[in-house]
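Participant: Sequences and hints are given; from them, build the entire structure.
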Amino acid sequence: MQVLFFICGALALGAGLAAVVQRHARRAMWLMTLSGLGVAGVLLILQAPLVAALQILLCAAGVALLFTDVPRPLRGLARSDAWGTRRVWWAAVLVAAALCGVLVWAALSAIPITGQAAPAALVDWVVPLALALVVLLLAIAGAAEIVRGR
Amino acid sequence: MTPIPLSWSLVLAGVLFCIGLYAVLARRTAVGVLMGLALMLNAVLINLVAFWRHAEHGGGSGQILASSVPFIVGAHVVIGLALAVALWRTHSTAVLDDVDSLEG
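For the protein sequence lines, the chains are A and B, in the order given.
Residue numbering for the first sequence follows our numbering, beginning at 10 and increasing consecutively.
Residue numbering for the second sequence follows our numbering, beginning at -2 and increasing consecutively.
A portion of the hints provided could be inaccurate.
[Said to hold, decoys possible] Here are some chain A residues pointing at chain B (derived, C-beta under 7 Å):
#1 A19
#2 G110
#3 V113
#4 A141
#5 V144
Honestly, the hints are just simulated from the structure, not real lab data.
Cβ coordinates follow ideal geometry from the N, Cα and C atoms, glycine included.
Facilitator: Spelled out as structure tokens, the structure:
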């Protein structure tokens, strides 16, 4: 189980890092999908199959998008010479490295975990989940309206 | 109880978050920034699930709460891509630094 965690974690981190430094847009999107699958693997190992299934669905949607005919504006974006990094990319590396150091130190310190008893009934969460679905639906409708360009 | 220590999951999530942070700060195009944000949200998801797994009385509510994060990721990707397409159409550029005016 621990070996699997390392494999999935390495996949998520490696593919994510490769996607971020990739100069080719389409390859970057493939690598992002791979990273998402690595995260789904980690979630499965942490015994959260519902969340892992949703993550896999998201990755499947990304793969489907990559296989379809990418709309012209996105093709234009992908071929843009601007697909690169800023000149002060080193500052971004410093900030990210500093935050990473703080987070790793916090994670490895002795942090007492105190859980609270929570009702484990799905009926308690059906309203928030329904609201999340409505938000997603509104986002899709809004995006379609933006792209239509009225 | 999972055999994976909590610290491992937190370190993984922390490093993934920082990779996403680097992408948000260093990438010039909207799509690049969106990818960074997606990585950060994935890190948050791992954190949520890890803390739920190691809580004393986890129950099922933590997983249900964490399952709302993919919906948020989906919504942000959809809106972000639509904005990137609109940006390309109106300004013929993908670089965020070139679109620095609040004027319509």
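Participant: Hints first: check each against the structure and report whether it holds.
Facilitator: Quick rundown of the hints versus the structure:
| no. | hint | result |
| --- | --- | --- |
| 1 | A19 | violated (9 Å) |
| 2 | G110 | violated (9 Å) |
| 3 | V113 | holds (5 Å) |
| 4 | A141 | holds (4 Å) |
| 5 | V144 | holds (6 Å) |
Consistency note: the structure conflicts with the earlier hints numbered 1, 2.
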